[in-house]
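Chemist: As they're listed, the protein sequences go chains F and Y.
Residue numbers are given in the working numbering: position 104 of the first sequence equals residue 104, and the series is strictly consecutive.
Just so we're on the same page, the working numbering is the position in the second sequence counted from 1, plus 115.
Rather than coming from a laboratory, the hints here were simulated on the basis of the structure.
Nothing here was measured: the structure is a model prediction, and the numbers come from that model.
Please note that the accuracy of each hint is not assured.
Taking lysine-lysine and the BS3-like style, the derived pairs with C-alpha atoms no more than 27 Å apart in a straight line are [claimed, not checked]: (1) Y:Lys193 x Y:Lys156; (2) F:Lys3 x Y:Lys169; (3) F:Lys70 x F:Lys3; (4) Y:Lys159 x F:Lys70; (5) F:Lys73 x Y:Lys169; (6) F:Lys3 x Y:Lys159.
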Amino acid sequence: AQKITQTQPGMFVQEKEAVTLDCTYDTSDQSYGLFWYKQPSSGEMIFLIYQGSYDEQNATEGRYSLNFQKARKSANLVISASQLGDSAMYFCAMRAYFGNEKLTFGTGTRLTIIP
Amino acid sequence: EAGVTQFPSHSVIEKGQTVTLRCDPISGHDNLYWYRRVMGKEIKFLLHFVKESKQDESGMPNNRFLAERTGGTYSTLKVQPAELEDSGVYFCASSQRGTRGETQYFGPGTRLLVL
Numbered sequence: 001a002q003k004i005t006q007t008q009p010g011m012f013v014q015e016k017e018a019v020t021l022d023c024t025y026d027t028s029d030q031s032y033g034l035f036w037y038k039q040p041s042s043g044e045m046i047f048l049i050y051q052g053s054y055d056e057q058n059a060t061e062g063r064y065s066l067n068f069q070k071a072r073k074s075a076n077l078v079i080s081a082s083q084l085g086d087s088a089m090y091f092c093a094m095r096a097y098f099g100n101e102k103l104t105f106g107t108g109t110r111l112t113i114i115p
Numbered sequence: 116e117a118g119v120t121q122f123p124s125h126s127v128i129e130k131g132q133t134v135t136l137r138c139d140p141i142s143g144h145d146n147l148y149w150y151r152r153v154m155g156k157e158i159k160f161l162l163h164f165v166k167e168s169k170q171d172e173s174g175m176p177n178n179r180f181l182a183e184r185t186g187g188t189y190s191t192l193k194v195q196p197a198e199l200e201d202s203g204v205y206f207c208a209s210s211q212r213g214t215r216g217e218t219q220y221f222g223p224g225t226r227l228l229v230l
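Chain F with its partners taken away, still in its complex shape:
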């Protein structure tokens, strides 16, 4: 079984500051992937970034980076230079690569950027 834990239900961050959203996971699978999705108030789920369990480098996509610490089973999302449009719910998710392909989600973190 897989489990994702997001311990920050809500965060407030000043515009232009960097923000780290926490995500820890638990799995017995050796090969897995970690994902972050953004859900703005409009409701759609937007894929942000992916990290494979065997990737040696942390993933980066523009202002998004994933701080992957395998031994600690953490996959924190870092958003640099936050913008007002970053205000949204953020979900961490994971899936195994052999067998069960479903995504397991955390409860999400609501990020609010303050101008």
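Put chain Y on the given structure of chain F with help from the hints.
Modeler: Chain Y alone, transformed into the frame defined by chain F:
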């Protein structure tokens, strides 16, 4: 390239009625997934199609839910008869087999309210 589309965007029905949700995946994506988020809870997996075959339906809550994907293109999820606890947001996602991470791309969701 068009994203995942879902119809309707909202549905309000009375307990005991039937509702059918539709999902059109990204063209060429063999994997199609249904997820649900009930108010205040995590996003939960319902089922997974590979082309027209049900790969995993372990998340389907009960036999009031029926999913189909005839021809391996669009999918429908029918709830019959609907109960109050079926209210929530139903997401569809698709992914392409063999791609890095097999990232699942989500549709905008269907918000279902059962009164």
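Chemist: So, for every hint listed, does it hold in this structure?
Modeler: Now the hints, each set against the structure:
no., hint, in the structure
1, Y:Lys193 x Y:Lys156, "22 Å, holds"
2, F:Lys3 x Y:Lys169, "24 Å, holds"
3, F:Lys70 x F:Lys3, "15 Å, holds"
4, Y:Lys159 x F:Lys70, "25 Å, holds"
5, F:Lys73 x Y:Lys169, "31 Å, violated"
6, F:Lys3 x Y:Lys159, "12 Å, holds"
In the structure shown, a violation is registered for the earlier hint numbered 5 alone.
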